[in-house]
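Following the hints, complete the assembly by docking chain C onto the known chain W.
Each chain, written out:
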Amino acid sequence: MTGRPSRRQLFGYAGAAAAGAAVTGGVVALGNDTPETVVVARDIDPYGDHQPAIAAASPKHAELVALTLLPSTDKAALGRLMRLWTNDIVALSAGRPAPGDTAPELAVPGVALTVTVGFGPKVFTLPDLVKPRGFSEVPVMSHDRLQPAWSGGDLLVLVGADDAVSVVHAVRRLVADAAPFAKPLWRQTGFWNGTGADGQPVTGRNLFNQVDGTGNPAPGTPEFDSTVWSTDGWTTLVVRRIKLNLDAWDELTRSEQERAVGRKLSNGAPTTGTAEHDELDLEKRDADGRLVIAENAHSRLSHHSVNDGRRIFRKGLNYVQDDGATRESGLIFLSYQADLVGQFLPLLARLDAADALNEWTTTIGSAVFAIPPGFRSGTWLGQSLLA
Amino acid sequence: MTAAFMSLTNPGKTDISLTSATSPVAGIMQLHEMAMKDGKMVMQEKAGGVKVPAGSHAHLAPSRDHVMLMGLKQALKPGDEVPITLRFSDGSSHDLTVPVKAFTEEEEHYQPSATPSTTP
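Respectively, the protein sequence lines represent chains W and C.
1 is the number of the first residue of the first sequence in our numbering; add one for each residue after it.
1 is the number of the first residue of the second sequence in our numbering; add one for each residue after it.
Next comes chain W alone, as it looks inside the complex (with noise of 0.2 Å):
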C-alpha cells in the first residue's frame, strides 16, 4: 500500500483505542448498526526524531503564521523564544493550557494538535547561524504575481487540528508568546478532508476536485525519508498560496479537467489506470495517436520518472479569503523536500515553463523555511542550531 500517511505517530488510533488501549484523551464513538464507523479522538505525540505533523495525516483545520524578527533578536533571543514554544507545544500537544494561558479552558484534549516551527532566511544571516544545505530562497516564476502579503517571513509556525478553536487558541497563545521576540508578518488559514466515509483516511481533494498528493511518497518508506529528511534531520518547507480560478474552471468539460493532470476526477486514478495508486503510463496513445496523459498534463510533468528521480513531498490546505461577497478560492500548497534548490527548483521551473493548470492558477504568495528536527523530553526545538 503506498500513498497512505503513516498512523504510526498517533496515540490511540482506531485500532489500538477499539481494543481498549491506551487511548490517550481518547473518546470513541461506535454507532449501533455501523460499527465500522469509528470515531476516535486522539493526541500526537509532540516529541520525536522529526516534528510530527510533517509525516502526519493533513489536519481538517490548520493556520500558518509567518513571523518578523524584531531588530534585537538575536541568536540567544531566538533561542529563549524556541524553549517558551517547545514548552507551549507540549502542554497544548496533550489538551493542557499553555503556561500563563489567559484562556486555559480552550485547551482541550483528543484533537490532534500538532505544531510545526521554520526559520527562514533571514534566521541565517544572524551572527553564528549556518544555513541548512540545499535552502535558498524560491526564484519568481514566469507565472507568479507573488502579493508581499502572502510572501516572505523569518519564522514560521504551522498550527493543525481537528478542530478550528484548537487551532485559533493554540496559535494566539503562541504568537502572544513570541511577542517579546517577533511579530506577525501574515496568516493563512486552510482546511482539509483526509478522511473517507468509512472513517479510513484518504488522500483527499482540493476545490478544483482534484484528487490531490497520490504521488507522494508514503510516510514510513525509504522514499518518504530520503525525499524529506536531510542527514542532520532537518527538511525544507516551500508555502506557495495558488489561487484558483475555479469559474474558467468550472466552464471546462469534465474530460477537458481530466486531461489538465492525467488524472480521473472520480478517484484519482490516472486516465491509462483503474486506481488512484496505478502507475501512470507515459507512453499511452489513444485510437487517434494522441497521448492518453498530454506532454503538458500536470501529473506526466511533475512525475519522478521525467524529472531524473527528484521527489518531493507535498500537502494541500484548500482556503476561502472572503471581501464582502466576493469569494476568493485557492490551495496553500506545501512542500517538504530535504535539498530545496536539488529537489524543489527544477521541478517548480519545469511546471512554471509548461504545466496545463498554469491556465486556471495563479502563485499570489511564496515563503521558505528551514524546519529543524524534532525535540524530545529536556530539549527544545532548534537546540543543535541555538544552543
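Careful, some of the hints might be misleading.
Here are the computed lysine-lysine pairs in the PhoX-like style, where the Cα-Cα straight-line distance is at most 25 Å [stated by the list, open to error]:
hint: 1; chain 1: C; residue 1: Lys77; chain 2: W; residue 2: Lys75
hint: 2; chain 1: W; residue 1: Lys183; chain 2: W; residue 2: Lys75
hint: 3; chain 1: W; residue 1: Lys183; chain 2: C; residue 2: Lys77
hint: 4; chain 1: C; residue 1: Lys46; chain 2: C; residue 2: Lys13
Reference listing, derived: stretches of chain C covered by chain W, where coverage requires no fewer than 3 residues with Cβ under 8 Å from a Cβ of chain W [claimed, not checked]:
hint: 5; segment: 81 to 91
hint: 6; segment: 94 to 102
Quick caveat, the hints were computed from the structure, so don't treat them as lab data.
Each residue gets a CB set at the ideal place from its N, CA and C atoms; glycine is no exception.
This is chain C only, laid out in the frame that chain W set:
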C-alpha cells in the same frame, strides 16, 4: 511586577498547603490571592498559604492565587528559566524550573492592596 503561575497536584490522602517559596533571583516571594475589597478586585497576601486538597489540584493562575516575586536581583527576560523552591505544610519541598514569559494581563490588577487608591 513578576508573578509565578503553576498547577500543583497532591496525590496524597491528606490536604497540604503551599506555605512559602524562594528563588535565587528574588529577594522576597509571597503567596498572594485576589480578593474583592470595597467593590474592587485587589491582591493580598494569602493567610495560611495555598491549600492543595488531598487527591486534587490547586491552580495558580492569572487573576487567581499566585506566587509574587519581589526585589528581583536581575532582570528577567522572556525565555529565561528561573529556579524556584516550594515548601509545603507537611515539611516537604520541591524544586522546579519555570520559564519566563511576557505578561498579557493589565499589571494594575496586581497592585498590592496596601496601596490606597487615589481619588481625584
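task = Please write out, lowest number first, the hints stated earlier that are contradicted by the structure.
result = Hint check: 5 fails alone, others pass.
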